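So the chains spell out like this:
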Amino acid sequence: MNGIMKSPGLPALLLAAALPCICLAQQETQKEIERYRQLLAEGNPADLYEARGEELWKTKRGPKNASLQQCDLGLGPGVVRGAFARLPRWFPDTDRVEDLESRIVTCMVSLQGFKREEAIRNPFSAPGRPSDLEALASYVAGESKGMKLAAPLSHPKEIDAFRIGEQLFYRRAGPYDFACVSCHGDNGKRIRLQELPKLTDPNDARKIFTTWPAYRVSQGAVRTMQHRLYDCYWQMRHPQMDYASEASIALEVFMAKYASGGEIQAPGLKR
Amino acid sequence: MKRLPLVVLAALAGCASGPSDDEARARAEQVFRESFTHGNRQMAARVDQQDEVQALCTRYRNEAPQDVADRIGSAAAAGIRYPASGKFLGDWRQGERIAQDGYGLRFTDADTKRPNGGGCYNCHRIAPAEISYGTIGPSLYRFGALRGTGEPVQRYVYGKIYDSQAFLACSHMPRFGKNGVLTEEQITHLVALLLDPESPVNK
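Protein chains in written order, with our numbering: chain A, 1 to 271; chain B, 272 to 474.
Be a bit skeptical, because a hint or two may be false.
Stated by the list, open to error - Distance condition first, Cα-Cα at most 20 Å in a straight line; then the derived EDC-like pairs of lysine to aspartate or glutamate:
1. A:Lys145 to A:Glu42
2. A:Lys189 to A:Asp231
3. A:Lys257 to B:Asp341
4. A:Lys157 to B:Glu300
5. A:Lys157 to B:Asp293
6. A:Lys189 to B:Asp362
7. A:Lys31 to B:Asp293
8. B:Lys474 to B:Asp362
9. A:Lys157 to A:Asp72
10. A:Lys198 to A:Glu166
11. A:Lys157 to B:Asp292
12. A:Lys58 to A:Asp72
13. A:Lys60 to A:Asp132
14. A:Lys64 to A:Asp132
15. A:Lys145 to A:Asp204
16. A:Lys207 to A:Glu195
17. A:Lys198 to B:Glu334
18. A:Lys157 to B:Asp362
19. A:Lys189 to B:Glu294
20. A:Lys157 to B:Glu294
Honestly, the hints are just simulated from the structure, not real lab data.
Bear in mind the structure is a predicted one, so any value in this text is a computation, not a measurement.
Could you put the whole structure together from the sequences, leaning on the hints where they help?
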């Protein structure tokens, strides 16, 4: 009793016990998220999207009643395996740089005869309204699982896209003055509890860029890289970014350079 | 006339970088305008045209040389509108709600009667009870206890929230007052959240 009263250590100890409490709670939250992630990783709901995507890929559809099996994703007609690891890239038939999603749309138009507006009508699913594009993107991306990302950056249009993407990455605008770099320019930062990758740091970029499309637990759906960019600009108080727009693809080319060499882990699993 | 030096600087900055940079910039601007065609034109106009601060900070990738930074800073400082009442300290409880709330100005935020939030916790640690805070900005926990709560500090905090560019050129922090995200009254509530001795921030 006496000892306790006299001990100057007790208040300090209490304080010391109280202070880490906050940090501890945070670590616990982070740990819980990690645990949840691992739990789900054993059965990523994105598996279902991949399966549905594969089925869609092989099903004859559209005005031309054709499947997507002859789609040239960059490695020649009909080659799906490994194609995602080489995207975005320039395509001679369209003379454009295309990403995973815009290339799928191109094939839906050219092979299946869909109008472009039809093909991109429902890019992001909502409850009760599944998106074919989310499923198709999951399937194609999954066929590069374990491979290293190596998007080409040699054609003049690829280099042009990279430079545009670089400009846009730093472009501040809107009522919040935000640019991509506002949130993705430093290591170890967070929005609320969400960790943010520094996208010009290969260590971060390799881990992040290669995990989209991903099943997002908070949205209960697979979301694609196009959705990630659309969502970023929404948060940045910009207008709605057009699906498969030139700016979105330029930003992907920019990011892909820093993510080069990262192992494809798509479809991933995220908050 | 006050804004003229910035315009001139923006033009000069163009000369300082290579012609290929200018070309990439011009291409990027064109691509940008063609990539956000949805929604109302008012919103597009808001981002198509950068103001001087945005253009300069973009150009220098947020690391403006000293002379540019000084001019951004003094122009911003001159534009801060302090409360007419002379009262900086609002209600910290309302401040906490504003700091938590991220509503406003997104293309899905259709309810224009609902006040905008500040979204402060997205980037800052503030009151200790909220453990879900971001780290893009510095911790503001115990701000008043550490920095004092007198008029000069109140004035500083108000100004910083109103236009952060007045204190750090090319700061990542939005210009909440200058850009009309928050009202002057809302800003005084945030000042109270940081500085009122009764606020949990300083307890």
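Verify the proposed pairing of A:Lys145 with A:Glu42, using a straight-line Cα cut of 20 Å. Roughly 15 Å between the alpha carbons, so the hint for A:Lys145 and A:Glu42 holds.
Decide if the proposed pair is consistent with the structure: A:Lys189 and A:Asp231, CA atoms, cutoff 20 Å inclusive. holds, 19 Å
Hinted pair A:Lys198 and A:Glu166, Cα distance within 20 Å: With a Cα-Cα distance of about 14 Å, the restraint between A:Lys198 and A:Glu166 holds, given a limit of 20 Å.
Given hint A:Asp132 paired with A:Lys60 - CA-CA distance at most 20 Å: The given pair, whose Cα atoms are some 14 Å apart, holds under the 20 Å limit.
Restraint status (C-alpha distance of A:Lys157 to B:Asp362 at most 20 Å): violated, 55 Å
Taking 20 Å as the top limit, are the C-alpha atoms of A:Lys189 and B:Glu294 close enough? Judged against 20 Å, a Cα distance of about 33 Å means the pair is violated.
Is it true that the CA of A:Lys157 sits at most 20 Å from the CA of B:Glu294? holds, 14 Å
Verify the proposed pairing of A:Lys257 with B:Asp341, using a straight-line Cα cut of 20 Å. violated, 35 Å
For the pair supplied as a hint, A:Lys198 and B:Glu334, confirm whether the alpha-carbon distance does not exceed 20 Å. Distance of about 17 Å is within 20 Å: holds.
Verify the proposed pairing of A:Lys189 with B:Asp362, using a straight-line Cα cut of 20 Å. violated, 30 Å
20 Å limit on alpha-carbon distance, applied to hinted pair A:Lys157 and B:Asp293: holds, 17 Å
Is A:Lys64 close enough to A:Asp132, meaning Cα to Cα at most 20 Å? Within the cut-off at roughly 18 Å; holds.
Hints 3, 6, 7, 18, 19 from the earlier list are contradicted by this structure; the remaining hints agree with it.
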